[in-house]
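Using the sequences and the hints given, assemble the complete structure.
2 protein chains.
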Amino acid sequence: MLKYPKGMRKTESKSPLKQSTSNRGIALEQELNQTNQYYLDLNIAVIHKKPTPIQVVNVDYPARNKAQITKAFYTKPSTTDYNGIYRSRAIDFEAKQTDALTLFKLALIHEHQINHLKAVIKHGGIGFIIIRFSSKNETYFVEAQKIIDLYYGEKRSIPYTWFREEAYLIPFSLTPPIDYLKVIDQLYFEGENNEKR
Amino acid sequence: MLKYPKGMRKTESKSPLKQSTSNRGIALEQELNQTNQYYLDLNIAVIHKKPTPIQVVNVDYPARNKAQITKAFYTKPSTTDYNGIYRSRAIDFEAKQTDALTLFKLALIHEHQINHLKAVIKHGGIGFIIIRFSSKNETYFVEAQKIIDLYYGEKRSIPYTWFREEAYLIPFSLTPPIDYLKVIDQLYFEGENNEKR
Numbered sequence: 047m048l049k050y051p052k053g054m055r056k057t058e059s060k061s062p063l064k065q066s067t068s069n070r071g072i073a074l075e076q077e078l079n080q081t082n083q084y085y086l087d088l089n090i091a092v093i094h095k096k097p098t099p100i101q102v103v104n105v106d107y108p109a110r111n112k113a114q115i116t117k118a119f120y121t122k123p124s125t126t127d128y129n130g131i132y133r134s135r136a137i138d139f140e141a142k143q144t145d146a147l148t149l150f151k152l153a154l155i156h157e158h159q160i161n162h163l164k165a166v167i168k169h170g171g172i173g174f175i176i177i178r179f180s181s182k183n184e185t186y187f188v189e190a191q192k193i194i195d196l197y198y199g200e201k202r203s204i205p206y207t208w209f210r211e212e213a214y215l216i217p218f219s220l221t222p223p224i225d226y227l228k229v230i231d232q233l234y235f236e237g238e239n240n241e242k243r
Numbered sequence: 047m048l049k050y051p052k053g054m055r056k057t058e059s060k061s062p063l064k065q066s067t068s069n070r071g072i073a074l075e076q077e078l079n080q081t082n083q084y085y086l087d088l089n090i091a092v093i094h095k096k097p098t099p100i101q102v103v104n105v106d107y108p109a110r111n112k113a114q115i116t117k118a119f120y121t122k123p124s125t126t127d128y129n130g131i132y133r134s135r136a137i138d139f140e141a142k143q144t145d146a147l148t149l150f151k152l153a154l155i156h157e158h159q160i161n162h163l164k165a166v167i168k169h170g171g172i173g174f175i176i177i178r179f180s181s182k183n184e185t186y187f188v189e190a191q192k193i194i195d196l197y198y199g200e201k202r203s204i205p206y207t208w209f210r211e212e213a214y215l216i217p218f219s220l221t222p223p224i225d226y227l228k229v230i231d232q233l234y235f236e237g238e239n240n241e242k243r
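Here the protein sequences come in this chain order: D and R.
Counting from 47, one number per residue, gives the positions in the first sequence under the numbering used here.
Counting from 47, one number per residue, gives the positions in the second sequence under the numbering used here.
No distinction is drawn between identical chains; accordingly, a pair holds when it is met within one copy or between any pair of copies.
List time: in silico BS3-like cross-link candidates among lysine-lysine, alpha-carbon distance up to 30 Å:
hint, residue 1, residue 2
1, Lys96, Lys117
2, Lys192, Lys96
3, Lys142, Lys112
4, Lys95, Lys228
5, Lys228, Lys168
6, Lys151, Lys112
7, Lys112, Lys96
8, Lys182, Lys201
9, Lys164, Lys201
10, Lys151, Lys96
11, Lys182, Lys228
12, Lys142, Lys95
13, Lys228, Lys164
Hints in this document: simulated from the structure, not taken from any laboratory.
See below:
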């Protein structure tokens, strides 16, 4: 459906994501934040990353009205990382990246995220997962229902070839870097006026 | 519209919220969390509080795979605290409480929250603010547009009497404690089947 011309695909060698392995997850997050900021600035959508949940144990007040947290722990999130509103539809998604060449391990998705996406679909939202194969510098849009079905199947990983068939390659652009709403336009608003931006 | 019978109103003396002033804000948050958990458990809606945004500066690893944050700061949120999906509509709101008897100070609402609620309305979501007068133990549902209009007006506070006229008293119940979706049913789904729960 969203066949992406081979010649336009961003080549690996030029990607800043390739500079360091440890930066890859951060790069995906940064690109999504840039994308969401672009959508917000241009009044296209209002989608934000949720803050990382942290349990605060100790707080000091070295100065008046200046709280400094001195002991805290990361806690497990009960939802996905991103949500918001686009064309009156609730948007909810998780983003994952993998270094693997030939498969995506389902263990990278947590059960609470699966449960949350099930609830999102049930209540009428658009739920999906953005998956980046950093080795190939390809970023896919995967409908949540497809991942949910696979999650409860027998296999513990999804082959890369599956993404080529069943997921949607998000076209690379500079502004915004990950234009995932283009895929949503095609999947959920086909036939409507998608040229307004 | 949502006239709430006087005799049913929860009396102040019985309220656990009255036990301590400092607990009041926490009590409102806890009651909203209980309410949202109830909605989730009964498959009525999927609405969550966003985590408090924290900027992490230092992390120690006292044990393998056990990260302990040793220096961090609270940062300003760019959105409201609560959002989710109900009956295919995106839900987005902020909750505030005041000890004042006769007015609500608009300074309790931050400009970024007003801007966010404007974006929510623009993109087709249901935006509102839940305001508790803890001295009266009354919790009101206020449509975001009304607060936005007042926010850009000349007055810096809203008299309590305004809430009696223009806002909707959320009926008190034990499960859930703050059944704000009842107000949304009346305001946004009037005439539809609201008896399904």
